[in-house]
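For this one, chain G is given, so just place chain H on it according to the hints.
2 protein chains.
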Amino acid sequence: MDKEAIIARILSNCSQKPKHREGIAFAPANIALCKYWGKRNTELNLPVTSSLSVSLGNLGAKTTIEIEDGYADRIFVNKEEIKADSIFAKNLSNFLNLFRTKAKISFRIKTTVNIPIGAGLASSACGFAAIVNALNQLYEWQLPSSSLSILARIGSGSAARSLWQGFVEWQAGIQEDGMDSFAMPLPQIWPSLRIGLLIVNTEQKAVSSREAMQRTVLTSPFYSAWPDKQALDLNRLKQALYLQSFVELGEISEANALAMHALMLTANPSILYSEAATIAAIHKIWHYRRLGLLLFFTQDAGPNLKLLFQEQDMDNVVKIFPNLQVVAPFENSSQNDTSFLSNVL
Amino acid sequence: MDKEAIIARILSNCSQKPKHREGIAFAPANIALCKYWGKRNTELNLPVTSSLSVSLGNLGAKTTIEIEDGYADRIFVNKEEIKADSIFAKNLSNFLNLFRTKAKISFRIKTTVNIPIGAGLASSACGFAAIVNALNQLYEWQLPSSSLSILARIGSGSAARSLWQGFVEWQAGIQEDGMDSFAMPLPQIWPSLRIGLLIVNTEQKAVSSREAMQRTVLTSPFYSAWPDKQALDLNRLKQALYLQSFVELGEISEANALAMHALMLTANPSILYSEAATIAAIHKIWHYRRLGLLLFFTQDAGPNLKLLFQEQDMDNVVKIFPNLQVVAPFENSSQNDTSFLSNVL
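Taken in order, these protein sequences are the chains called G and H.
The first sequence begins at 117 in this note's numbering and counts up one residue at a time.
The second sequence begins at 117 in this note's numbering and counts up one residue at a time.
Okay, chain G solo, but in the shape it has when bound (with noise of 0.2 Å):
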């Protein structure tokens, strides 16, 4: 099943014009503590495994789309506009290709992302999760969020969990088809929990993601252990966050990316994000780990890493690493709203 007999489906009780000049939304940037490593269909970008992030506030990217006069397409991305035939234009069309109408609208796409591109820090994530909800109030489509998901997974697959703050589970499913393949949030929210962006390099990286997965995938004579690995690893870290235990998010989330790393170590030809300060600051922070503060690591496609801590060791982590952009996941949410759907900034 291709791309386009999907989103059709999707979209058969939809408008099929748009009801507006222009659609805005914002979606936050998601961090992964599970990953998402690994492709069963890659058309569809449907995953080996589950996997579950926690997003970043208003840390991501807003985007307005609005339909554009001319004929092609027009991308600004943090007001720059985007060569039509760059890499990334290119991708962004064809995605845009799968929702125009017969008529062959163009679209004028303004983003602006508060965070580096591109540096394995969820810009692309982000990036489609926005288009996709501001496609869905272009259109009105009204649709369900799990539609969104999919709609967002089918542009890039981590995007299929930056629809939603706080953590988030996406579920691989198991359909060809992938309409069981989206994410949801999860209930618990977790007040005093800390993300710190350490940045170490903000260059795009030389091997992207997409790439580096499919090479695991294909070469890592590793990768037939992941899947058991993720799976007990998932159910470890939703009980850790069900009974808030700390000490088990961080442990998990930090050996699990270790374990991704570790795979891409392993491929064929091998994959070291890492760089010089990177590994200087892993062993920081298990030195001071070993002196007994609760600091916990997350690395995803690139060299930077995302600390993991609480509120009341702020003081010593911003000690330790003084350039520290620290995200409080849960600032803005209560009991009674932990699934906000963040649509418009």
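Heads up, some of the hints might be wrong.
Each pair may be met inside one copy or between any two copies, as identical chains are not told apart.
What the hints assert, rightly or not - DMTMM-like, lysine to aspartate or glutamate: derived pairs with alpha carbons at most 25 Å apart: (1) K435 <-> E447; (2) K400 <-> E327; (3) K321 <-> E391; (4) K321 <-> D344.
These are computed hints drawn from the structure, not numbers from a lab.
Using the frame of chain G, we list chain H on its own:
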């Protein structure tokens, strides 16, 4: 079956009394190109998989063993006496206990090691191999080299390979008593092969390789996939030696080392021997390799790298890594003398 019984069997036809006042022997350090990582028997140091190494010429341990008049062993490393209650002295005396006659003689051990100790440079391998060779002289055991390899293995697994120069294969064996688990030299020589020791840190490592290995076997979720990878790599490596294909040799050795470190990353707690400078060096190696330089590395239980290259690239490699200590493992070998047992310097 315990160590004592195995050794009694090996020495059953040998002299039980020292024939000389002293024995002197040298054994080279060895660098595994296909790693030994994991034991199926920790008492006898029986490995899960076979491994393949290359010895480091005149880098290694030179050991004199004498009958000591006192009641306790005295151990000198690089002219400094080691305290009898240190872990190192206890381990060594425990090993020597296996070879004392009923009269409970004591030994004076003097070892000169010309590589850093305990920093992943195979110091314990050459140390135990040199002691076994020196004991063989002292007692005039006249044992076949396969038996000496077994005795050295009981001291420290990879010591089994340090009895020879050149390429050495340690076959894992399948017997419970380990009598088929010994090393043998391979017939191939490779005069243009160079090994560059890139010393990042000569401090003793925080986690011993013995402990790291055991922790990996017991806790890594990927360990189950290691033996198959190892069997494949070993076959391919032997083919590369046979065909004298340097690119194959480099690629397999590097991938094998990375897989071993990937396993360690996924141990619990995680083990990361690499330091910032290690990772910087790896990226540097890969950078120059992309430019066409045939430069590869391997890494053992420490932060130091061992670079693999050919004589013709010596100038370029030394320009990139000016402090490299370069070894030509086959400098003194000839086609007719490929498996020389280097007893005395």
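Is it within, between, both, or neither for K321 and E391, if the alpha carbons may be no more than 25 Å apart?
Classified as both: same-chain Cα gap 11 Å, cross-chain 21 Å, threshold 25 Å.
Classify it for me, K435 with E447: is the Cα-Cα distance of at most 25 Å met within a copy, between copies, both or neither?
Classified as within; 22 Å inside a copy, 53 Å across copies.
At 25 Å max between alpha carbons, let me know whether K400 reaches E327 within a copy, between copies, both or neither.
between (30 Å within a copy, 22 Å between copies)
25 Å Cα threshold - placement of D344 relative to K321:
neither (29 Å within a copy, 32 Å between copies)
In this structure, only the earlier hint numbered 4 is contradicted, and the remaining ones agree with it.
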